[in-house]
Each structure stands twice: as C-alpha cells, then as structure tokens.
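Student: Each chain is listed here by its residues.
Protein chains: 6
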Amino acid sequence: MPTLRVELFEGRTLEQKRSLAKALTEATVQSLGVAASSVDVIFQDVARSDWATGGELWSDRKPG
Amino acid sequence: MPTLRVELFEGRTLEQKRSLAKALTEATVQSLGVAASSVDVIFQDVARSDWATGGELWSDRKPG
Amino acid sequence: MPTLRVELFEGRTLEQKRSLAKALTEATVQSLGVAASSVDVIFQDVARSDWATGGELWSDRKPG
Amino acid sequence: MPTLRVELFEGRTLEQKRSLAKALTEATVQSLGVAASSVDVIFQDVARSDWATGGELWSDRKPG
Amino acid sequence: MPTLRVELFEGRTLEQKRSLAKALTEATVQSLGVAASSVDVIFQDVARSDWATGGELWSDRKPG
Amino acid sequence: MPTLRVELFEGRTLEQKRSLAKALTEATVQSLGVAASSVDVIFQDVARSDWATGGELWSDRKPG
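Protein chains in written order, with our numbering: chain R, 2 to 65; chain D, 2 to 65; chain W, 2 to 65; chain Y, 2 to 65; chain G, 2 to 65; chain L, 2 to 65.
So that you can see chain R by itself, here it is in the shape it has in the complex (with noise of 0.2 angstroms):
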C-alpha cells in the first residue's frame, strides 16, 4: 500500500519520470518487502514560479 508523491520541478521527460517511478518502486519493494503492484506513485510537477526557497521563488534565481 505504500504511496509515493514525488514533488518535482516540472520540464522532466516522460522517460525520467518512467525510469524514476521503477527504480523508486524498486527501492520500496526492496526495503519493505511488499509486492511492486501494491506501490502507487504520483508525480506533481511544480513551476519554478511556485516554489521558494529562502522566501526566494527559484524563478526569480540568477543562474551562478
């Protein structure tokens, strides 16, 4: 049953997200020993202008 939601800067592939959602259901197969079918997980992408860090939305970043 365990249910993974993963909060991510959007922009990443389909083939990302397909890589990471096996390896992490691995990762809790592994760990737990429960059945790869009985994980769930769900991507939420979010927008640079939606995330801050230090009250500093990461849009708002001067890159190095």
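No lab work stands behind these hints, which were simulated from the structure alone. Every value quoted in this text rests on a predicted model; they were computed, and no experiment measured them. Honestly, I wouldn't trust all of these hints.
Stated by the list, open to error - Only pairs whose alpha carbons sit at most 30 angstroms apart, straight line, appear in this in silico DSS-like list of lysine-lysine:
(1) L:23 / G:63
(2) D:23 / W:23
(3) L:23 / R:23
(4) W:23 / L:63
(5) Y:63 / D:23
(6) R:23 / D:63
(7) W:63 / G:23
(8) G:23 / Y:23
(9) Y:23 / R:63
Given chain R, put chains D, W, Y, G and L in place with the hints provided.
Tutor: The following block gives chains D, W, Y, G and L in isolation, referenced to the frame of chain R:
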C-alpha cells in the same frame, strides 16, 4: 473542518466533479455529524503519465 | 485509482471512520464509475492545537 | 526544514506569490527561530471548479 | 480559501505554533487580500526519524 | 529540490526507513541527475484503522 483532497485521473467532466463533491460532502456530514459548510473538497487531476502502479506509468499500459 | 485523503479533527470513533470510508467509497464509485477496489481513503487526524482558522488555533477557541 | 504547502485559487499574480513566499518565510523564521534557507514554500493553484465548500463548487457560486 | 499545510520537526511549543499560525495568516491576508477567516493553517509534526535529507535521517545526524 | 512524501503502514523499523530513505534518494539522483543533498524524503505512518481500500479499513480485514 474536514478537508478532503481527491487525486483522480484527469479527464472527468465538470458534472462528475460537481456530483462527486456533493456526494462526498453529504457522506461526511452523515458520518461525522458536522455542518456541510465546514466541509471542503479539493480535486487534484493527475495525468496518466504522472501516476505509476507497480512501477509502470498508467500511460504505458496496454489496454486489456 | 482515486485516492482520498481526509484531514479531520482527532477524536472520531473507529465506527465513524469505518462508516465514512464506506460512504466516501460508494460516492466515488457512483460519481466516477470506477471499481470500489480502486478507491483508497486515508484519514489524517489533526489535533485542535494543530489547526488554525482565521489565525486562531481551535484549541484556543472559547465555546459558544 | 519547515515546508509550507499553500493551496490557493488560481489567478494570483507572480508578484503576489513572490510577496507571499517572502512573508511566509519571514514569519516562519521569526516564530520558530530557524534559518531562512531551511524554509521551503510551494504553491498549488486550484481552479474554482476543483474546490467545493458545503458541497458546491466555487465555480458554481453566484456572485453576492 | 487559502489552506497552508506546514510540515515541521516535532517539539515546537504550543506558543510557537500559536504565534506562527497568527503570523502566517496575517502574511496571507496582506499579500492576497483575502479575509483572515478564509485562511486555514494545519501543522503536521514530523519526527527526526521520519525526515531524510540527502538520504540520511535527521535522527542519524551527528551534531556539528 | 525533489521532495518525496511516503505514506506507509505504521510498524516499520527504523532500519527499514533508514534503508528506504537512502534507496529512494539514490534512485532520484540517478533518474533526475540532481544532487543528493537536494532530495528530501518524509515518511508518514498510517494506522491500518486509518486506511481503507474498497471501502474497508485494513484493520477490519480478515487474514487470508
């Protein structure tokens, strides 16, 4: 004060959500004895490419 | 696959949760036309001292 | 490490979110005594057709 | 209608949460122009053994 | 910045969570190419009496 967050596949009609919000609220009122006005329902659409079960994205599943 | 997360004040009885889980699932099945077995309901108890409305914790509210 | 997740109606401007992220972070720093850099704020826009109170979607409400 | 969910390490005092709920609500009112009564704040305590950063549980960290 | 929230039945050992946090973080680093230090994992224990599938609480299920 009960707050219900409903994750569901995207693609439901407005009428389905309207009906579901009403039914969930009535169920909560009856089981908990709270006022309807205190019940919030929030829908969160999830794309099939953002939800995996058993490590496989629903968008990758072959129909029956 | 619908997943319902229900935040509610702590103190409900097991019977209330049992009844509510059943009613929420039936409402979801009827409005969305999904199988009951695909519906998950998760309760999250919240203490009155962990919930504020209008900036005031519910544990600080004077009765009527 | 405090993480704040803010559900709000869609339609706020970038400036409102920028201002809110800053103010929420400052409030957290002052009340908890943590470093600003440890505070994350994540906004989740919700459409009026995805939020119901009292069983009625906000998109169905008649103005005053 | 804004709803703020705050995940924070367990161990804060009631006074800290009371102060934080008030400050977060005021910040939301000022930045968004909503009524204070429409703002909900929900605290979710997290044990140090339930939060990992960089793959390491906070309960496993050696003090500086 | 990826943040993973893991809902799982209560009763896992600290060692299982330690192992799972590590494995989930490594999976995220490999699939997304982010720094391990940017990955947060938060566990949320759920009692069997707080989780229903198909309208039935897991605490009410008869063993096989």
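Student: Which hints from the list above does the structure break, by number from lowest to highest?
Tutor: none
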